[in-house]
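Sequences and hints are given; from them, build the entire structure.
Below, each chain spelled out in residue letters.
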Amino acid sequence: MANILQYLIPQDKKFFPLLEKASGNLLTISKNLVEMVHSNSPEKRKELIREIERLEHVGDALTHEIFSELSANFITPFDREDIHSLVTSLDDIVDYIHGSAKRIELYKVTEMTTAIIKISELILQGSEELHNAVCGLRNIKKNGRIKEACVKINSIENHADDIFDMTIAQLFEEEKDAVKIIKYKEILSALETATDKCEDAANAIESIVIKYS
Amino acid sequence: MANILQYLIPQDKKFFPLLEKASGNLLTISKNLVEMVHSNSPEKRKELIREIERLEHVGDALTHEIFSELSANFITPFDREDIHSLVTSLDDIVDYIHGSAKRIELYKVTEMTTAIIKISELILQGSEELHNAVCGLRNIKKNGRIKEACVKINSIENHADDIFDMTIAQLFEEEKDAVKIIKYKEILSALETATDKCEDAANAIESIVIKYS
Amino acid sequence: MANILQYLIPQDKKFFPLLEKASGNLLTISKNLVEMVHSNSPEKRKELIREIERLEHVGDALTHEIFSELSANFITPFDREDIHSLVTSLDDIVDYIHGSAKRIELYKVTEMTTAIIKISELILQGSEELHNAVCGLRNIKKNGRIKEACVKINSIENHADDIFDMTIAQLFEEEKDAVKIIKYKEILSALETATDKCEDAANAIESIVIKYS
Numbered sequence: 001m002a003n004i005l006q007y008l009i010p011q012d013k014k015f016f017p018l019l020e021k022a023s024g025n026l027l028t029i030s031k032n033l034v035e036m037v038h039s040n041s042p043e044k045r046k047e048l049i050r051e052i053e054r055l056e057h058v059g060d061a062l063t064h065e066i067f068s069e070l071s072a073n074f075i076t077p078f079d080r081e082d083i084h085s086l087v088t089s090l091d092d093i094v095d096y097i098h099g100s101a102k103r104i105e106l107y108k109v110t111e112m113t114t115a116i117i118k119i120s121e122l123i124l125q126g127s128e129e130l131h132n133a134v135c136g137l138r139n140i141k142k143n144g145r146i147k148e149a150c151v152k153i154n155s156i157e158n159h160a161d162d163i164f165d166m167t168i169a170q171l172f173e174e175e176k177d178a179v180k181i182i183k184y185k186e187i188l189s190a191l192e193t194a195t196d197k198c199e200d201a202a203n204a205i206e207s208i209v210i211k212y213s
Numbered sequence: 001m002a003n004i005l006q007y008l009i010p011q012d013k014k015f016f017p018l019l020e021k022a023s024g025n026l027l028t029i030s031k032n033l034v035e036m037v038h039s040n041s042p043e044k045r046k047e048l049i050r051e052i053e054r055l056e057h058v059g060d061a062l063t064h065e066i067f068s069e070l071s072a073n074f075i076t077p078f079d080r081e082d083i084h085s086l087v088t089s090l091d092d093i094v095d096y097i098h099g100s101a102k103r104i105e106l107y108k109v110t111e112m113t114t115a116i117i118k119i120s121e122l123i124l125q126g127s128e129e130l131h132n133a134v135c136g137l138r139n140i141k142k143n144g145r146i147k148e149a150c151v152k153i154n155s156i157e158n159h160a161d162d163i164f165d166m167t168i169a170q171l172f173e174e175e176k177d178a179v180k181i182i183k184y185k186e187i188l189s190a191l192e193t194a195t196d197k198c199e200d201a202a203n204a205i206e207s208i209v210i211k212y213s
Numbered sequence: 001m002a003n004i005l006q007y008l009i010p011q012d013k014k015f016f017p018l019l020e021k022a023s024g025n026l027l028t029i030s031k032n033l034v035e036m037v038h039s040n041s042p043e044k045r046k047e048l049i050r051e052i053e054r055l056e057h058v059g060d061a062l063t064h065e066i067f068s069e070l071s072a073n074f075i076t077p078f079d080r081e082d083i084h085s086l087v088t089s090l091d092d093i094v095d096y097i098h099g100s101a102k103r104i105e106l107y108k109v110t111e112m113t114t115a116i117i118k119i120s121e122l123i124l125q126g127s128e129e130l131h132n133a134v135c136g137l138r139n140i141k142k143n144g145r146i147k148e149a150c151v152k153i154n155s156i157e158n159h160a161d162d163i164f165d166m167t168i169a170q171l172f173e174e175e176k177d178a179v180k181i182i183k184y185k186e187i188l189s190a191l192e193t194a195t196d197k198c199e200d201a202a203n204a205i206e207s208i209v210i211k212y213s
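Chains A, B and C, in that order, are what the protein sequence lines are. Quick note: the first sequence uses my numbering, first residue 1, plus one each step. Quick note: the second sequence uses my numbering, first residue 1, plus one each step. Quick note: the third sequence uses my numbering, first residue 1, plus one each step.
Mixed in with the good hints, there may be bad ones.
Identical copies go unnamed one by one, so any copy, or any two together, can satisfy a pair.
[Unchecked claim] Listed next, the in silico EDC-like pairs over lysine to aspartate or glutamate satisfying Cα-Cα at most 20 Å (straight line): (1) 102 to 47; (2) 183 to 161; (3) 46 to 162; (4) 102 to 186.
I should point out that these hints are in silico values taken from the structure, not numbers from a laboratory.
Next up, the structure:
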């Protein structure tokens with residue numbers, strides 16, 4: 001089946017541009033996140049959070065469009081479930097980035113800790129790898145770069161996980177204000193979950209590569 | 001494929017009544033939830049929580065029955081995955097309603113805040129829309145009402161999300177008792193997740209509408 | 001289709017041993033967990049947590065191998081989605097066991113409460129039932145034992161749920177230290193979620209039994 005379908009891949013006019021737009025949008029959001037957590041100006045930060053919010057809506061519309069295409073088209077370039085799973089994961093990453101940015105604002109957290117900055121940077125690295133991998137799907141036979149990206153994303157997730165665990169342990173040990181613990185735990189947990197979702201996206205891409213390359 | 005299957009739809013004797021029972025059960029549970037959070041009598045509240053518990057078991061049995069039918073039948077009126085996803089989401093909504101009611105009781109929370117009441121009412125609105133949409137599936141060609149319901153459910157979820165965020169931010173600002181913050185956060189989070197699951201159910205319905213109407 | 005596939009089942013050389021390895025690995029991890037929460041020696045506990053960590057990596061590799069086989073093979077002994085869902089759930093159980101063990105260590109929790117011990121024992125019981133059920137899949141026609149195991153796992157999950165709810169309610173009532181509440185809530189929540197995932201695995205097995213026996 002993979003053999004028959006591969007002749008159809010070059011003709012596909014809809015899915016590749018849409019998928020690339022979705023991963024490109026994620027990349028832009030991640031850049032905004034990293035800029036935001038590095039910024040010292042509350043106004044600049046607020047502005048970047050508004051932009052993340054706007055791009056989250058753009059991402060929602062893209063997700064919706066891909067799902068409609070997926071339901072309406074009998075033939076898709078890859079397995080329907082793999083595309084579905086990839087798009088859901090990209091959408092989830094965006095949601096968790098947006099969620100953590102929103103919490104930073106709502107909880108009036110002004111100190112961007114080392115952990116917040118580091119995990120945000122890992123999300124950006126993961127988004128770059130994902131965008132490259134998604135763009136690589138058009139030419140899946142030369143998939144060396146795609147597999148490499150997936151391996152990197154797995155190690156990014158492990159790294160974020162370790163930072164999260166260490167930071168929470170340290171918070172419990174050093175911070176006496178329970179409310180502050182809850183606030184930072186919520187923000188870091190949303191950021192860390194974003195890297196989990198990067199791994200889900202990488203798994204979906206890997207499944208496509210195994211089937212179609 | 002959609003064309004062949006649509007002739008089979010009128011003959012389906014099992015799935016529609018079961019799906020309608022499941023969404024009808026959700027609607028009854030939501031009504032009990034709203035009555036409960038509006039009640040000032042601890043006895044009445046306890047009684048309604050028992051009823052929500054009982055109906056959650058009824059919902060579990062229905063979910064189980066639909067999944068068995070789904071596994072045993074080769075031909076289903078709609079795509080197997082869409083029905084699976086719809087039923088899972090309906091079951092999840094019920095679970096989160098039950099979970100929040102149970103927490104209200106177990107945590108001995110007696111003050112039903114404005115946020116608890118408002119999100120409960122949004123869940124009821126979402127359940128009404130979902131029940132109407134599910135009943136509309138029998139006559140999917142006249143799907144104007146179904147699409148409208150899905151749009152409404154999306155806006156209900158956004159509304160609940162905003163109330164949740166604002167309330168948690170306010171709790172962090174005004175409440176000094178960390179234990180109280182945790183309790184209300186847990187209850188509100190379960191209620192808010194119920195509206196997320198309404199959106200998942202709406203997405204499954206939308207996917208069916210795109211394919212079969 | 002079930003009829004044709006059943007002739008292929010005995011020839012399957014890959015999936016059964018892999019699935020049994022995955023459920024066997026889960027069983028070993030659960031035994032380590034129970035031994036750990038029963039131990040009074042901090043050194044012994046640390047050692048067992050290291051072992052759980054090591055076995056979690058073994059589980060990850062097995063999951064990855066099964067997913068690769070699933071993507072590369074056109075014919076699988078059971079429905080692809082059911083195997084996918086079963087393996088994902090087994091992997092999730094392992095992750096949550098590992099997560100709770102890690103939290104016990106990181107949060108420097110030294111008192112293993114009755115609730116921690118009891119839910120850990122329920123996880124072990126669930127893992128035993130799951131491993132038996134998975135081994136029963138080779139001979140699915142004699143499925144009495146498999147169905148029985150699934151029923152037991154459901155009741156194990158309910159039991160764990162009740163213990164969790166009661167313990168959290170008690171913590172809120174008796175514990176004045178909010179940080180301690182958060183720590184225990186996090187650990188118990190990870191353990192309780194492990195039993196939820198046992199139920200997901202049982203549901204996947206039940207779906208296979210309905211289709212192929």
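Do the hints match the structure? See the list:
1. In the homo-oligomer, the alpha carbons of residue 102 and residue 47 lie at most 20 Å apart inside one protomer (12 Å), although the nearest pairing across protomers, at 38 Å, exceeds that limit.
2. In the homo-oligomer, the alpha carbons of residue 183 and residue 161 lie at most 20 Å apart both inside one protomer (18 Å) and across protomers (18 Å), since each shortest distance falls under that limit.
3. When the C-alpha separation of residue 46 and residue 162 is checked against a cutoff of 20 Å, the pair qualifies only between copies, where the shortest distance is 17 Å, while the shortest distance within a copy is 29 Å.
4. Taking CA atoms no more than 20 Å apart as the test, residue 102 paired with residue 186 passes in both settings, with 11 Å inside one copy and 19 Å between copies.
Of the numbered hints stated above, none is contradicted by the structure.
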